[in-house]
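> When you read off a place in the sequence shown, starting at 1, and then add 10, the result is the number in our numbering.
Think of the hints as simulated: they come from the structure by calculation, not from any bench.
Just so you know, not all the hints are guaranteed correct.
Here are the simulated BS3-like cross-link-like pairs (lysine-lysine), alpha carbons at most 25 Å apart as the crow flies [stated by the list, open to error]:
(1) K83 x K94
(2) K60 x K94
(3) K60 x K83
This structure is a prediction, so every number in the text was calculated from the model and none was measured.
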Amino acid sequence: QSGMNYQFGPYALDTQRFELHAHGVTVPAEPQVLALLIMLIANRHRLVDKDELIASVWQGRIVSDAAISSRIKSVRQLVGDNGKDQQVIRTVHGRGFRFIAELDSALPAAASSLQMAPAPAAETARPAIAVLPFAAHGDLAALGVATHALPREIIRELARLRWLLVIASASAFQYSGTKPDVRNIGAALNVGYVLHGSMSLHGGRMSVDVDLVETADCGLLWSDHFEIKAGEIQSLQAVIAARVVAALELQVPLHEAERARLMPAQSLEAWSAYHLGLQHMYRFNAADNAAAGTLFRQAIAKEPAFARAHAGLSFVRFQDAFLDYGEPDAAAAARSAADRAVQLDPLDPFANAVMGRAHWLSGELSAGLGWLDRATVLSPNYAQGVYGRAWIHSLLGHGADAQRYADHAMALSPLDPLRYAMLATRAISHLVRADHQAAAHWAERSAREPGAHALIALIAAACHGLNGDDARAQAWLAEAQRRQPAVTCNRFLRAFPFADPAIREEITVALRRTGLPA
């Protein structure tokens with residue numbers, strides 16, 4: 011998988027090879043020290059606090075301030091800095107650290123230089139995107155630097171997505187204009203996707219339009235429109251960037267899967283097989299889940315170090331155990347595949363999220379929450395990581411936190427393939443606070459969403475039963491049994507290991523009264 015090359019002063023950091031060079035010579039470095047440097051550079055646009063460092067570099071373990079200070083000192087020594095001068099890493103006492111050295115370049119490790127002739131993208135390459143400076147309509151002076159500042163913010167956020175290669179602004183910002191030649195830009199930068207937009211001022215209000223375009227045929231895959239007061243672009247930058255990240259998490263894999271579907275099965279390369287596997291994985295039935303597993307294994311066979319394919323396989327085995335498809339040792343296999351994904355790419359949000367899910371299966375909810383917290387530190391706009399946090403908070407009985415994270419996940423990704431589960435989490439967030447009327451409302455919505463499976467129908471049955479609506483409870487029980495005839499109360503509680511025995515008992519009584527077998 012491709013990484014990034016960061017160059018500053020005499021140093022060149024290759025994240026793909028996990029190596030630091032000075033004047034062309036490899037600099038010996040401990041892995042943890044190098045991981046800390048990579049995290050600070052990747053988040054150079056902001057302050058990184060100690061909690062984030064612990065979550066990312068120490069994987070949530072308890073670490074003393076002295077240990078963190080020692081590691082920061084080692085990073086400084088590695089790059090010729092010290093605590094007095096602080097020319098590379100600045101300490102903000104009591105708050106955190108920030109990488110402040112000027113980068114000479116930040117380029118995809120596998121990317122060719124601009125002087126080289128463009129070559130067609132290899133089928134094995136991960137999807138690549140260029141974010142162009144936005145076009146300005148109207149008062150250019152009033153728009154100021156916003157036409158470059160917003161795309162830079164989007165680039166920073168997209169760079170957190172380990173599955174997407176993002177062209178650095180130094181290359182992408184050579185192209186501007188109200189009507190960019192997307193096909194030629196795609197060929198020159200070797201990217202399959204271009205994100206461009208425009209800004210305009212009208213009567214004290216600013217309009218922002220964003221388009222995601224596929225470069226081969228110039229097809230529009232997604233667009234959005236924002237309108238704000240002229241002076242509020244700073245506050246809206248993060249909102250727009252978050253919306254773009256969530257949209258790309260959905261739209262690009264869908265498009266990649268459609269392309270892969272046209273290829274003969276025997277010629278599918280690793281990334282194509284992976285994206286096609288994602289489509290099957292999110293259908294939540296035994297046949298599609300098995301097909302997804304086959305495709306992820308095919309991707310791994312072609313590229314054994316493909317962390318995302320191992321993470322996908324962990325998700326498949328999680329689903330085997332969660333929905334009781336009858337696959338032996340599925341929970342252990344989910345943990346094993348997640349372990350491998352994290353070993354291969356500890357900074358991948360998806361790998362960390364599936365590790366959190368694997369802990370959920372064994373009832374280790376607090377440990378699972380740590381991994382999901384880490385996933386969203388690595389990529390704050392990763393909707394499925396946010397949703398995973400919501401589920402575990404609900405199972406721990408933290409209703410207010412669960413509701414907050416569920417709402418945030420739905421705001422980030424309103425068309426997510428797991429939207430039904432986000433709605434179900436919202437229902438459980440009310441159930442654990444004994445607000446049964448609200449729980450029934452959200453559970454009804456969840457169970458009617460596309461993709462909702464038998465366990466979601468049982469959530470609706472339990473919530474309606476607790477709300478005193480036996481007719482609706484029995485209707486949803488019948489639907490759950492139609493989808494999965496052998497479902498039982500014990501099976502439901504194994505899938506959802508509520509930490510509070512009182513809540514478990516309350517749900518058990520409601521489901522048994524409705525007619526669900528023990």
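> List in ascending order the numbers of the hints, as given earlier, that are violated by the structure.
none
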